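Chemist: Sequence:
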Amino acid sequence: MGIVWLAEDQTMGRRVAIKELVPPHGTDPRDRPVLEERVLREARTAGRLSDPGIVTVHDVVHQDGATFIVMELIDAPTLSEVVRQGGPLPVDQVLKIAEQLLSALETAHAAGVVHRDVKPSNVMIGPNGRVRLTDFGIAQSIEDPRLTKSGTLMGSPTYISPERLHGEEAVPASDLWALGATLFFAAEGYGAYERSTTAASIAAVLTERAEVREAHGPLKELIMGLLEPDPKVRLNAAQARRLIDRARRGSNPDTTPAVPLTRALPVERKSRRALAIGAIVVVLLTATTLVLALTGVFSPKTNPPAANPMQDTKSYGPDGDITRDLQDGSCYNGADLAEQVEDCDQEHDAEIFEHISYADLAEYPDYMDTDAPSACAGRFEELTVENRDSVLRFRTLVPTRAAWDGAQKEALCVVTKADGGKLTGAVAGE
Numbered sequence: 000m001g002i003v004w005l006a007e008d009q010t011m012g013r014r015v016a017i018k019e020l021v022p023p024h025g026t027d028p029r030d031r032p033v034l035e036e037r038v039l040r041e042a043r044t045a046g047r048l049s050d051p052g053i054v055t056v057h058d059v060v061h062q063d064g065a066t067f068i069v070m071e072l073i074d075a076p077t078l079s080e081v082v083r084q085g086g087p088l089p090v091d092q093v094l095k096i097a098e099q100l101l102s103a104l105e106t107a108h109a110a111g112v113v114h115r116d117v118k119p120s121n122v123m124i125g126p127n128g129r130v131r132l133t134d135f136g137i138a139q140s141i142e143d144p145r146l147t148k149s150g151t152l153m154g155s156p157t158y159i160s161p162e163r164l165h166g167e168e169a170v171p172a173s174d175l176w177a178l179g180a181t182l183f184f185a186a187e188g189y190g191a192y193e194r195s196t197t198a199a200s201i202a203a204v205l206t207e208r209a210e211v212r213e214a215h216g217p218l219k220e221l222i223m224g225l226l227e228p229d230p231k232v233r234l235n236a237a238q239a240r241r242l243i244d245r246a247r248r249g250s251n252p253d254t255t256p257a258v259p260l261t262r263a264l265p266v267e268r269k270s271r272r273a274l275a276i277g278a279i280v281v282v283l284l285t286a287t288t289l290v291l292a293l294t295g296v297f298s299p300k301t302n303p304p305a306a307n308p309m310q311d312t313k314s315y316g317p318d319g320d321i322t323r324d325l326q327d328g329s330c331y332n333g334a335d336l337a338e339q340v341e342d343c344d345q346e347h348d349a350e351i352f353e354h355i356s357y358a359d360l361a362e363y364p365d366y367m368d369t370d371a372p373s374a375c376a377g378r379f380e381e382l383t384v385e386n387r388d389s390v391l392r393f394r395t396l397v398p399t400r401a402a403w404d405g406a407q408k409e410a411l412c413v414v415t416k417a418d419g420g421k422l423t424g425a426v427a428g429e
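Residue numbers for the sequence shown follow numbering that gives the first Met the number 0, so the first one is 0 and each next one is one higher.
Rather than coming from a laboratory, the hints here were simulated on the basis of the structure. Just so you know, not all the hints are guaranteed correct.
In silico DSS-like links for lysine-lysine, alpha-carbon gap of 30 Å or less [as the list claims (entries may be wrong)]:
1. Lys408 to Lys421
2. Lys95 to Lys231
3. Lys408 to Lys231
4. Lys408 to Lys313
5. Lys313 to Lys416
6. Lys231 to Lys416
7. Lys313 to Lys231
8. Lys421 to Lys313
Derived DEER-like restraints, expressed as beta-carbon distance ranges [what the hints assert, rightly or not]:
9. Gly424 to Asn127: 45 to 55 Å
10. Gly424 to Glu207: 38 to 48 Å
11. Lys231 to Gly424: 24 to 34 Å
12. Ala358 to Arg212: 26 to 36 Å
13. Ala425 to Pro317: 26 to 36 Å
14. Pro28 to Ala202: 28 to 38 Å
15. Arg47 to Ala358: 39 to 49 Å
16. Met11 to Gly111: 23 to 33 Å
17. Tyr189 to Asp244: 22 to 32 Å
As the structure is a prediction and not an experimental result, all values here were calculated from the model. Think of the CB as a built atom: it goes at the ideal place given N, C-alpha and C, for glycine as much as any other residue.
Make the full structure from the sequences, and use the hints.
Modeler: Below, the structure is given as structure tokens:
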């Protein structure tokens with residue numbers, strides 16, 4: 000939304016970038032004064048932000064009817080350019096980008112600034128791996144200037160969250176959704192909701208669930224959790240950071256993630272998306288590691304990949320993997336939850352620690368097989384259990400269509416012991 004000029008700050012003796020604010024073609028003239036005032040106010044606020052991942056705003060000038068923002072000059076390609084030229088990025092690089100962008104957004108949100116235009120073309124990738132987020136307070140006004148008073152949408156909506164397309168105000172959760180879409184682009188090599196027309200892109204954001212194929216484990220959970228359509232269920236910054244930390248502990252640039260995220264869908268589902276998700280992950284061992292393992296001197300102290308606590312999704316209800324009614328209890332014994340335990344303080348095999356409600360939907364949501372596990376992953380991260388990821392496992396239970404038609408419109412998050420032992424207290428209450 001403007002023209003960028005290369006300039007020199009003669010007072011400080013440094014090169015800078017100057018962005019002249021030029022509203023998109025077709026912007027209602029009545030919108031321009033309000034737009035400029037809001038951009039000026041927020042750009043000044045952004046100028047006070049201090050984070051290594053944020054491009055510094057030096058000054059804001061309003062002169063001769065034009066608005067100029069003087070910024071730090073960053074001589075580096077954008078994430079969009081890097082991926083378009085080289086394809087999907089390695090897992091460890093995506094995680095480094097995620098970590099730095101999240102830090103930048105946390106700094107901004109703590110100062111009351113919402114970026115509103117997080118996207119690959121606003122992310123600069125330096126030669127040393129340093130990531131910089133540009134256009135703070137510059138790209139969009141509070142109500143999104145791309146949506147004019149006449150109702151015309153300016154630009155691509157690919158990185159605009161569903162709630163904003165519904166006309167709601169941008170909030171920090173909106174930036175986190177855009178972060179998820181940006182990380183999807185970095186990991187998969189294309190935009191999750193890029194379609195041939197603006198209308199098709201809007202429809203995709205509002206009605207479709209992204210299909211993550213290249214990313215696995217915590218990185219996949221991170222992307223799917225950030226792309227959750229409902230901002231109330233979407234991963235928050237703290238949950239996202241925990242997933243990034245877990246993914247980085249288990250990532251190795253020389254190996255393929257050892258624990259893919261696989262799901263068993265309700266038997267009545269015939270989604271093409273489900274058929275496309277299945278994949279075989281081959282674990283590549285270096286020759287040195289293989290020799291050490293064969294000679295018996297391999298040591299587990301060489302930082303093996305962290306275990307993934309998420310297990311395969313199952314279905315419950317008529318014709319499902321689990322056929323009993325699970326609506327009235329929380330704790331159970333048996334692999335198929337056959338026996339209900341009345342008191343969760345007694346030993347038990349499994350516990351329903353969260354209910355994900357879809358009661359406001361009339362039709363069975365086709366995206367539940369990805370939506371519900373992401374929500375359960377977020378809830379699992381909130382459990383305050385020592386060594387949680389090592390001692391516990393969780394899975395998601397989704398209702399069959401028959402169960403849905405019988406008014407069972409909840410996905411269930413179930414926790415068990417990693418070693419197959421008994422839970423000795425109510426996990427959800429810890």
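Chemist: Confirm or reject each hint.
Modeler: Hint-by-hint comparison with the structure:
no., hint, verdict
1, Lys408 to Lys421, "holds, 29 Å"
2, Lys95 to Lys231, "holds, 26 Å"
3, Lys408 to Lys231, "holds, 18 Å"
4, Lys408 to Lys313, "holds, 15 Å"
5, Lys313 to Lys416, "holds, 17 Å"
6, Lys231 to Lys416, "holds, 29 Å"
7, Lys313 to Lys231, "holds, 24 Å"
8, Lys421 to Lys313, "holds, 21 Å"
9, Gly424 to Asn127: 45 to 55 Å, "holds, 48 Å"
10, Gly424 to Glu207: 38 to 48 Å, "holds, 41 Å"
11, Lys231 to Gly424: 24 to 34 Å, "holds, 29 Å"
12, Ala358 to Arg212: 26 to 36 Å, "holds, 31 Å"
13, Ala425 to Pro317: 26 to 36 Å, "holds, 29 Å"
14, Pro28 to Ala202: 28 to 38 Å, "holds, 30 Å"
15, Arg47 to Ala358: 39 to 49 Å, "holds, 44 Å"
16, Met11 to Gly111: 23 to 33 Å, "holds, 28 Å"
17, Tyr189 to Asp244: 22 to 32 Å, "holds, 27 Å"
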